[in-house]
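The task is to assemble the complex, starting from two chains supplied on their own in separate frames and drawing on the hints.
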Amino acid sequence: MKKTEFITGSFIALTLVVLLGVFFFQALFQPLYEGKVMPVDNVNLKNRLSLHYVLKNVHNASKYLASHGKSYFNNRELVPSRKITFGESKNFEEGSANEVTSIVVNYRGFDTLGEVTVLFISIIGLTMLIGGVVGKKLRQPSLIVRTGSRFLFPFILLFGIYIFIHGHLTPGGGFPGGAVIASGFLLLLLGLESYKFNTTASKIVESLAGLTFVSIGLVGLFAKNSFLANFIPTGTIGFLYSAGMVALIYIVIGIKVGAELSTGVAELKEGDEND
Amino acid sequence: MIILLYLVILVLLMSAICAIFTKDLLVSVVALGVNSLIVSALFFLMHAPDVAITEAAIGAGLSTAIYVFAIRHTKRQEEK
Chain A
1 MKKTEFITGS FIALTLVVLL GVFFFQALFQ PLYEGKVMPV DNVNLKNRLS
51 LHYVLKNVHN ASKYLASHGK SYFNNRELVP SRKITFGESK NFEEGSANEV
101 TSIVVNYRGF DTLGEVTVLF ISIIGLTMLI GGVVGKKLRQ PSLIVRTGSR
151 FLFPFILLFG IYIFIHGHLT PGGGFPGGAV IASGFLLLLL GLESYKFNTT
201 ASKIVESLAG LTFVSIGLVG LFAKNSFLAN FIPTGTIGFL YSAGMVALIY
251 IVIGIKVGAE LSTGVAELKE GDEND
Chain S
1 MIILLYLVIL VLLMSAICAI FTKDLLVSVV ALGVNSLIVS ALFFLMHAPD
51 VAITEAAIGA GLSTAIYVFA IRHTKRQEEK
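Respectively, the protein sequence lines represent chains A and S.
250 is the number that the numbering used here gives to position 250 of the first sequence; each next residue is one higher, with no gaps.
68 is the number that the numbering used here gives to position 68 of the second sequence; each next residue is one higher, with no gaps.
Okay, chain S solo, but in the shape it has when bound (with noise of 0.2 Å):
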């Protein structure tokens, strides 16, 4: 159970990295979901299944959706 947890712990980790240091922002905002997506798997493992699901529909769901949505009124770094 602890081994699991630091393995989620580590998926959670590079995934913000990943968030922080890429250059494509369509990337960094995908990242960003799956950030999410893990820190509700977390929240779920630890006995918190209410934040689980509010952070899997808004963290995953929504506020990527808002991203991309924003996202689209910016170039994408090929096309420049």
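With the rest of the complex left out, here is chain A (with noise of 0.2 Å):
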């Protein structure tokens, strides 16, 4: 009986792999937009927001330009910008005022994808290894970190929902919100030894989040003709309802690596409990 379920469950991996190697080398050998028009011809840079971002925080456009002689205010047509304005400013090409954020989720958000299923197939590997080891039994926390811990939990696990909610306005994202979380939880099992984390749940939840995100993209490729692009209006920048799926896409990326680490790390702790 188990022989048959492995045989059928190798049969069925084995296909599925033949399926994504065939769409893989296809993608490859596909010449790339023949006939059609390149989209880049269809961009207007002046919305690109982080282009303005860059050149003004990072590189600090004004002194660049002074440096060659040139004034930034006479000589604005030189940054391929639009004026910013927090509050007033709409439409721009992405619209999140983070602007990490933006490159990270709307112009790389495939690159993201992989990072996430990277993280997810780890997590796989360490359940797989150690997860059934038994180690020494820990020492009994003290009543002050039994105490202090149920008290932190909630308002960590609050700044974590903070961090990834907030991910297109204020630094931070997806990846620190949900690293807060599994620290949240990370602390929950260390000071409670009655706290049994549910690993079931955690990885339904974390399936479901990775699956979430992924329909986001078919959404995106059925609505704009492009895996993950932004089919949501982006609003005014600065406002929490803004940037589009940005905001959709990290409280998604926030629930799944909580859920990843966490279960990574109660699978790591949770040696000792058969002891």
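To be clear, the hints were calculated from the coordinates, so they are not data collected in a lab.
It is possible that part of the hints are untrue.
[What the hints assert, rightly or not] Label-pair distances were calculated between CB atoms; the ranges are:
(1) S:10 with A:12: 56 to 64 Å
(2) A:219 with S:24: 51 to 59 Å
(3) A:193 with S:70: 31 to 39 Å
(4) A:122 with S:20: 21 to 29 Å
(5) S:16 with A:121: 24 to 32 Å
(6) S:63 with A:150: 23 to 31 Å
(7) A:108 with S:46: 19 to 27 Å
(8) S:73 with A:122: 16 to 24 Å
Predicted model only: the values in this text are computed from it and were never measured.
Just so you know, even glycine gets a beta-carbon here, dropped at the ideal spot from N, CA and C.
This is how it looks when you write it as structure tokens:
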């Protein structure tokens, strides 16, 4: 019975891998944009928010132009972007106030999907390798640690959720927010020896979040003809409801990364539970 | 500002040297966590708060805990 299941599972996995490989090689040898207009031609660079930020904040465009004998305010057209006013400027290409987010989620969203997949696979490997190891029992935590961890956990969770919900407005985003949530669960695991982390539920949450990420990308594919394209209007810069699907994807990534990392930590720690 | 940066880098170097040359594995791991915390402070001072948050949560929090879980399976020096 077990053997037939194993063979069926292996066969399904092999079929999927072969299908993926066929798609991959087909994409590799397909001539790009044959007979079509390159999408770059339709892009209005003045609507690109990140360009302005990069020129202004990191390289300090005004000083750069001044060192070349030109004034920034008289030669604005040399900086190919339009003026940004917080809470007023509208309808940029991506429209998130945090330009790191606009690059990570919008321009190279497919890379981010790959990063999330790498994390997912590494947590699977870690669970398979170390999940059942039995170790020494931890010392019982003191009363202060027990009470303190129970008191601090909701605040850490709230901070993590804040970081990934405001990822398009303030520094942070899905990965830091998920890591903060996982460290909150780690505190609970270390502080309360009666606490039992529900690995099954976290795996279900994680898988659903991954599925949501891919389906948001597919909606972009059907609505805007490109995988992970921004299909929601980008709104006013600096508002919570702005930047289109960037906020949605960062919420999904935050939940996924938090569930993944806390599953990993819980699996590593749970080795001593059946001691 | 520059002096503060150099002070932070000095502490960073000291914690890294401590992590390499100490005989106790637990002390080494704690030094590594301190190293990560200082690196995250450096990232913040250099205007990269995104990276600083991630480094503080993963480098100083989660990876230190994972190392401690791994060290639990070894013997401490005094017990040998």
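| query | In ascending order, which of the hints set out earlier in this document are inconsistent with the structure? | reply | Of the numbered hints, just 3 does not hold.
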